[in-house]
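Asks: Produce the complete structure using the sequences and hints provided.
Number of protein chains: 2
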Amino acid sequence: MITSTMQDDFQLTTTAILEHGARVYPGSEVLTWAPGGARRSTFADVATNANRFAAALIDLGVSPGDAVGTFCWNTVEHVEAYYAIPGIGAVVHTLNIRLKAEQIAQIVQHAGDRMIIVDESLIPLLAPVAGQLSSVEAYIVVGDADASALAEHATVHRYAELIAGREPTFEWPAVDEKSAAAMCYTSGTTGDPKGVVYSHRSTYLHALGTLGAKVTGFIESDRILTFVPMFHVNAWGIPFGAFLSGASLHLPAQYMTPDHICEFIKTERSTFASAVPTIWGGIMQYGQGKDIDLSSLRLGSSGGAAIPRSLMEGFESKYGLRIVQGWGMTETSPVAGMAWPPADIEPGSAEEMQWRLKSGRVTPGVQMRICDDDGNELPRDGQAVGEIEVRGPWITGSYHAVEVPEKFHDGWLRTGDIGTLDERGFFMITDRSKDVIKSGGEWISSVELENLLAASPDVAEAAVIGIPDDKWTERPLACVVVASGHEVKPAELAAFLDGKVASWQIPENWTFVDEVPKTTVGKFDKKVLRAQYADGDLEVERTR
Amino acid sequence: MITSTMQDDFQLTTTAILEHGARVYPGSEVLTWAPGGARRSTFADVATNANRFAAALIDLGVSPGDAVGTFCWNTVEHVEAYYAIPGIGAVVHTLNIRLKAEQIAQIVQHAGDRMIIVDESLIPLLAPVAGQLSSVEAYIVVGDADASALAEHATVHRYAELIAGREPTFEWPAVDEKSAAAMCYTSGTTGDPKGVVYSHRSTYLHALGTLGAKVTGFIESDRILTFVPMFHVNAWGIPFGAFLSGASLHLPAQYMTPDHICEFIKTERSTFASAVPTIWGGIMQYGQGKDIDLSSLRLGSSGGAAIPRSLMEGFESKYGLRIVQGWGMTETSPVAGMAWPPADIEPGSAEEMQWRLKSGRVTPGVQMRICDDDGNELPRDGQAVGEIEVRGPWITGSYHAVEVPEKFHDGWLRTGDIGTLDERGFFMITDRSKDVIKSGGEWISSVELENLLAASPDVAEAAVIGIPDDKWTERPLACVVVASGHEVKPAELAAFLDGKVASWQIPENWTFVDEVPKTTVGKFDKKVLRAQYADGDLEVERTR
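Chains A and B, in that order, are what the protein sequence lines are.
Residue numbers for the first sequence follow this note's numbering, beginning at 2 and rising by one.
Residue numbers for the second sequence follow this note's numbering, beginning at 2 and rising by one.
In case anyone wonders, no lab produced these hints; they're calculated from the structure.
Errors might be hidden in some of the hints.
Repeated chains share a single entry, so a pair holds when one copy, or any two copies, can fit it.
Unchecked claim - Listed below are the simulated EDC-like cross-link pairs for lysine to aspartate or glutamate, each with C-alpha atoms no more than 16 angstroms apart in a straight line:
(1) Lys179 x Asp9
(2) Lys101 x Glu509
(3) Lys519 x Glu20
(4) Lys408 x Glu462
(5) Lys439 x Asp471
(6) Lys490 x Asp260
(7) Lys179 x Asp10
Replies: Have a look at this one:
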């Protein structure tokens, strides 16, 4: 019996990532934007401060397995917390500052956060619920601003004071790679937010996996502008990928508006920017008639929602900037797919765009399949439509402190996304499973109808939901916001769709709304529309 | 106590690599060179054949933990064996066909290989020792050639027959990621060959780690010409990196001469080539006065020994081909460093070459330090000289079935290489620890003296060893092969070195030899020179 001689017990931890960054790329920078110019720090500084902060957390009584919340923008202190907290075996729980107060309270209590690190600018958002956060013993405030609203409820420490004067001689403890490192709750569009807990191992493997040339390709000369909030799935893992590759981090703090973003890129010559489509759209709009300089960017990445083709093409033609689309979710760390065209497609060719508009191509480390309602695997032929399931070392296999068996299937995560998968690992998401419309046993993609309707000049935006139908079980209802200054009739919109989808897929139920309700992360909130319809609050016109 | 929700028990195995390749890059190619044109195969074909071969091995009685040897060139069948054997939990033991017969016999017996897969062209090399291989129950011959010389000693199967007609419906078993996957013996320049056993985990992590843009940067459009034999540290892990990235494999089989290599590159448009300096030198020589086409190559990599600067510059000026140097050893899987210049160095600048001539820069996943004789860590300042130690998930922590405690130090592998390490992870190897010369408590680099002497037009090659000295404990002895048609005296060579190294480092002991003895992998065999000196077989002249 031959056995391995390798160091198989070498633990894949966030501290191993930190130390690689500090020992190989000590001079790589972490810049935090501020009006007038960025605050500058280096990987060596981050390692030093993380080391000090880790010692301080232990002094404050934080133990392995404890949750420590962060209520912060993308800043260097947040990066330090990313390493300090898991480095002592505790769990960095990134709180979504955009949630409603009650949701924040519910999540903090559910995770049992013992402390919360708060940016001074965010105290006003947190203070209203502080009274409800019984698990929280202390707040650690980054900045000098008045924190008396928090002090009423728990001890207040200042981050700068906690680390000041400490020698960075803390000895990082041994941590098991399968222990918890970080925690993030889903945004809860489909129900209560659920906690996903990343292990050291999953964090390390995800970071290593994202370095591939056809994932992010981060290298030391990169300067990565990270708009993706660090409270959304670890900012897509970028703070970890940066320390493994030596790429500098550009962090916008609270300055997320296009004017600041463009100033940041121009001043600090960012080479890579990651953002959701809304941010990309904002930059494009801001650049209308203005002379903005994006010439330093070698690549943009987009995720969180499908990016419109027009936006991709606009950045390419106007700024020579290529945007590559990625796919993932809180449950997948998140990178599970990147829509790089296949090698046999000529760059710049007409065909190329159809590949770039795919949701993604499965990245190394992730396995994907699609299944029908009965859980049977469907062909990977780019035609069959089913629920996308994934598994792998950085995919969640459960949720924190709650049983959700319907989200798993023989060890695979059911993503809740409906789409196709082809024989080369390209997948295309056509709908969320809860949004898909089942008409006479056939599926209708609400997303496809929405995109087609949005292309009409008469339409500002449109959401399509399924409503009960006696004959077909379910039929589509289109909820349309008419473009300002336009007038349009349902029959005209139905005619607009004619020839673009199969005729039976064209909605016969129409309603006009002032705006489509949205979630805190900007996605259509179809729960609300469905409830309005059920309550009889929507006035429905039929075209046949 | 928060615990991870991730799929931390997802096993990192070679079969997961194979399946990624087959499911995402089924059309990527594996080409095996033959005069007249390559044999063509795809990743899908390899997966199918590996599946068939795995089933055949089980039918033949191979069990988890068994060693199955390969005695093969770089061919598609060898790649299939790379996946089939570990896929059933057995261990693919790559045998170095260039070793002496007795060494091969010793290694096969030590590993206990139950079967050996043999290329038909290599039967004549293996047959002479077949009688000594008592652990071997069967030979699996790739090809139809006469195998009666093997059949006298064990059953002979034919690879093609074993897999023919089998449906590829074998269900890959669950395999623990820490179990043994592959095995390779060191070349034994410092003593008996020692067995290094790679786990599934180490193989997977190494493959994932090599995909980084500043490691190999393999992508789907690459076609990797792999001269590094698959019996040398898994061909540097390239067959695994290829299946994770989709890069096609170009395998030279037994056609390793420059004429075949150049024809292969020209015909199949290889984009990447990995080879030891000797092969690169052979190509350069072959191209003198001939019109060879290397235009498809985007990058070359070199390892196994330091590549001469002149060769790097020659490829760049003559063919526009950049060669990047890497460092590793059998014990390190092997990739532990790659000599990419740091980001602040202008590409093409004069300064750049000094970085490209470093032995490497520590790659993500590997930790490195240097220690003095007493095991104290030395400063990472690029000045202090000590033994290089490494650790990490793809570094060996022991050897197969033999205790070698002197090779390890507090969980780190002692590489036996002496050199410097700087604050950015660049390291420069100046000597093997057994070759370093200790003169009056100071170290003299034999490699540096050899390189300097080799630069003299009067010198064909030179090896420098340490010999006992009453006053200084040890002093250098230069063993020089005079260039053909030249004559030179020791004093002239000493004068040639003057000003190039500190005067006390200049050898005062000289001997002229017809050739420097070499190991099977082409390295200077200084053991032999030392023995010749000890036996009084070298005629030594003193210059002072």
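Asks: State for each hint whether it applies.
Replies: Evaluation of the provided hints:
1. Lys179 x Asp9: both (13 angstroms within a copy, 6 angstroms between copies)
2. Lys101 x Glu509: Neither. Shortest intra-copy (36 angstroms) and inter-copy (82 angstroms) distances fail the 16 angstroms Cα cut-off.
3. Lys519 x Glu20: The answer is neither: 41 angstroms in one copy and 40 angstroms across copies each exceed 16 angstroms.
4. Lys408 x Glu462: neither (31 angstroms within a copy, 68 angstroms between copies)
5. Lys439 x Asp471: within (12 angstroms within a copy, 93 angstroms between copies)
6. Lys490 x Asp260: So lysine 490 and aspartate 260 fail the 16 angstroms test inside a copy (39 angstroms) and across (74 angstroms) alike.
7. Lys179 x Asp10: Both: 12 angstroms inside a copy, 9 angstroms across copies.
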